[in-house]
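S.K.: The lines below spell out each chain.
There are 2 protein chains.
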Amino acid sequence: MFYVSDGTAITCETLGHVVLGQFSFEPNEKTFPFVESEDKLTDLTKEIQQSYERHGVKPLVFFSMVIPTMRAQLLKAPAFFYDVLESIVQRVAEDTQIEPKPKLQRSRSVSKDSDTYFDRISAIEYTLAHDDGVSLKDLDRADVILLGVSRSGKTPTSLYMAMQFGLRVVNYPFIADDIASLRLLPEFEFQRHKLFGLTIEPERLTQIRQNRLSGSEYASSEQCQQEVAAIEALFRSEAIPYINTSSLSVEEISTRILERTGMKRRLF
Amino acid sequence: MFYVSDGTAITCETLGHVVLGQFSFEPNEKTFPFVESEDKLTDLTKEIQQSYERHGVKPLVFFSMVIPTMRAQLLKAPAFFYDVLESIVQRVAEDTQIEPKPKLQRSRSVSKDSDTYFDRISAIEYTLAHDDGVSLKDLDRADVILLGVSRSGKTPTSLYMAMQFGLRVVNYPFIADDIASLRLLPEFEFQRHKLFGLTIEPERLTQIRQNRLSGSEYASSEQCQQEVAAIEALFRSEAIPYINTSSLSVEEISTRILERTGMKRRLF
Numbered sequence: 001m002f003y004v005s006d007g008t009a010i011t012c013e014t015l016g017h018v019v020l021g022q023f024s025f026e027p028n029e030k031t032f033p034f035v036e037s038e039d040k041l042t043d044l045t046k047e048i049q050q051s052y053e054r055h056g057v058k059p060l061v062f063f064s065m066v067i068p069t070m071r072a073q074l075l076k077a078p079a080f081f082y083d084v085l086e087s088i089v090q091r092v093a094e095d096t097q098i099e100p101k102p103k104l105q106r107s108r109s110v111s112k113d114s115d116t117y118f119d120r121i122s123a124i125e126y127t128l129a130h131d132d133g134v135s136l137k138d139l140d141r142a143d144v145i146l147l148g149v150s151r152s153g154k155t156p157t158s159l160y161m162a163m164q165f166g167l168r169v170v171n172y173p174f175i176a177d178d179i180a181s182l183r184l185l186p187e188f189e190f191q192r193h194k195l196f197g198l199t200i201e202p203e204r205l206t207q208i209r210q211n212r213l214s215g216s217e218y219a220s221s222e223q224c225q226q227e228v229a230a231i232e233a234l235f236r237s238e239a240i241p242y243i244n245t246s247s248l249s250v251e252e253i254s255t256r257i258l259e260r261t262g263m264k265r266r267l268f
Numbered sequence: 001m002f003y004v005s006d007g008t009a010i011t012c013e014t015l016g017h018v019v020l021g022q023f024s025f026e027p028n029e030k031t032f033p034f035v036e037s038e039d040k041l042t043d044l045t046k047e048i049q050q051s052y053e054r055h056g057v058k059p060l061v062f063f064s065m066v067i068p069t070m071r072a073q074l075l076k077a078p079a080f081f082y083d084v085l086e087s088i089v090q091r092v093a094e095d096t097q098i099e100p101k102p103k104l105q106r107s108r109s110v111s112k113d114s115d116t117y118f119d120r121i122s123a124i125e126y127t128l129a130h131d132d133g134v135s136l137k138d139l140d141r142a143d144v145i146l147l148g149v150s151r152s153g154k155t156p157t158s159l160y161m162a163m164q165f166g167l168r169v170v171n172y173p174f175i176a177d178d179i180a181s182l183r184l185l186p187e188f189e190f191q192r193h194k195l196f197g198l199t200i201e202p203e204r205l206t207q208i209r210q211n212r213l214s215g216s217e218y219a220s221s222e223q224c225q226q227e228v229a230a231i232e233a234l235f236r237s238e239a240i241p242y243i244n245t246s247s248l249s250v251e252e253i254s255t256r257i258l259e260r261t262g263m264k265r266r267l268f
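Going line by line, the protein sequences match chains A and B. End of the first sequence = 268 in our numbering, gap-free, step of one. End of the second sequence = 268 in our numbering, gap-free, step of one.
Simulated restraints on C-beta separations: (1) E36/A x Q73/B: 39 to 49 Å; (2) E36/A x E201/B: 14 to 24 Å; (3) R212/A x M263/B: 22 to 32 Å; (4) A72/B x S181/A: 53 to 63 Å; (5) L185/B x E217/A: 29 to 39 Å; (6) S247/A x R183/B: 48 to 58 Å; (7) R183/B x S181/A: 44 to 54 Å; (8) S181/A x K76/B: 49 to 59 Å; (9) P102/A x F190/B: 46 to 56 Å; (10) S237/A x R183/B: 54 to 64 Å; (11) E47/A x L184/B: 28 to 38 Å; (12) E99/B x K46/A: 24 to 34 Å.
Hint data in this document are derived by calculation from the structure and do not stem from the laboratory. Every residue gets a Cβ at the ideal spot worked out from N, C-alpha and C, and that includes glycine.
The shape of chain A in the complex, shown without the other chains (with noise of 0.2 Å):
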């Protein structure tokens, strides 16, 4: 399976592995991005024919090329092509009667755009440094605050939903000192609407702090059941939303907390 553009080719790559998730072979996988000129080109082909003569079998190439005459030069070699963009590009084409711009004068690279580039950069340098309390300044210049208990997927999320949807998250852990006598930090008080609480199964934290910390109290099963029930009560009495992240990915976790605060992403 080869993943080909003339840009990243992550968009390639995501698609590609999504559409693998829907069948059971694990193929070998080589990524060629920035495929801009005619060397690399070449360099390209003949791995696929080499890959096609070795396995006797055409390769499958997922990819998006946008000078006419490299894509052209592409599609000669021996394998399956699925471009990833080109027959939805037309399929809104003719449903909208609208032109899709110029082949070479199209943007491949929004990120370019400085306003986004400002945005991003900003974004993230907010929330790291907000990341598990180490400040509680500014708050009202973020867009969300996360709560939770040690290891139940705080700073990934934070983090993701930074860098990937352009929003400034701080995040608050509870330690095990709290847990005794639970408690709002009175910082949070002018951000009510702005908190949202982590939670997780206790078995699932168990085996989270016993991969990072094995044999400690910090992850011995009577611990991380206390402090589960102790936050889910606070969340509770607080009416604070909150997701249970046991079962779900960091990109789940992120677009879950979008769906139920309503935030929108600011970055694509």
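Here the structure of chain A is known, so what remains is to put chain B in place on it, guided by the hints.
M.R.: Using the frame of chain A, we list chain B on its own:
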């Protein structure tokens, strides 16, 4: 434009945005993730109906739905529909003569896989602990060590590579005081093969630093020119591969680093 999925809809959004990049129109957009119940589907089809009545044109729906009855019901709404997966899945099945998995067994969330989860979290943690020269311990576990002046894109690139590629990234800044006598730290001597440089046009660096600390010495044109000249001289004299990040998105920088080093993504 609606993005609809029984999963996160992130693939629909991503592909939809690349397709939109090929046209000149800017539609209103709304995402419906996790459409797994009749109720949600009813809400969604009502919104599609309302959009159609309000604007007098059919909205565009980029979607992915596994359950056949739900899919069929969605397709009755007045819209132009683009199934981001199904046509490619069908073509792959025809080309390879391999049957796709039964619809309801298809894994929609690869990240539920526990090893993948831990790999990703571990890469993020390692990278956070080694951001901005904070720690130079444990460098033998690094996949890559990024070097560059302040604001050349090291932190966002490092976090992106950890989050999306599962790689462990160290980044180390050179600060103004280093510039007069720039040299490699002894810690990096045994890791030479992992070193990778980021540079940037002095004008772009000035713009980025002005955005952060307007009017400072740090953001002055002279300072930026000196730092860039010094670090590029170091990269050349030490034979460290490097790229210019001035007009690149974080995705493009990260992909170019993979391409130049031959490193592979650990995660998709």
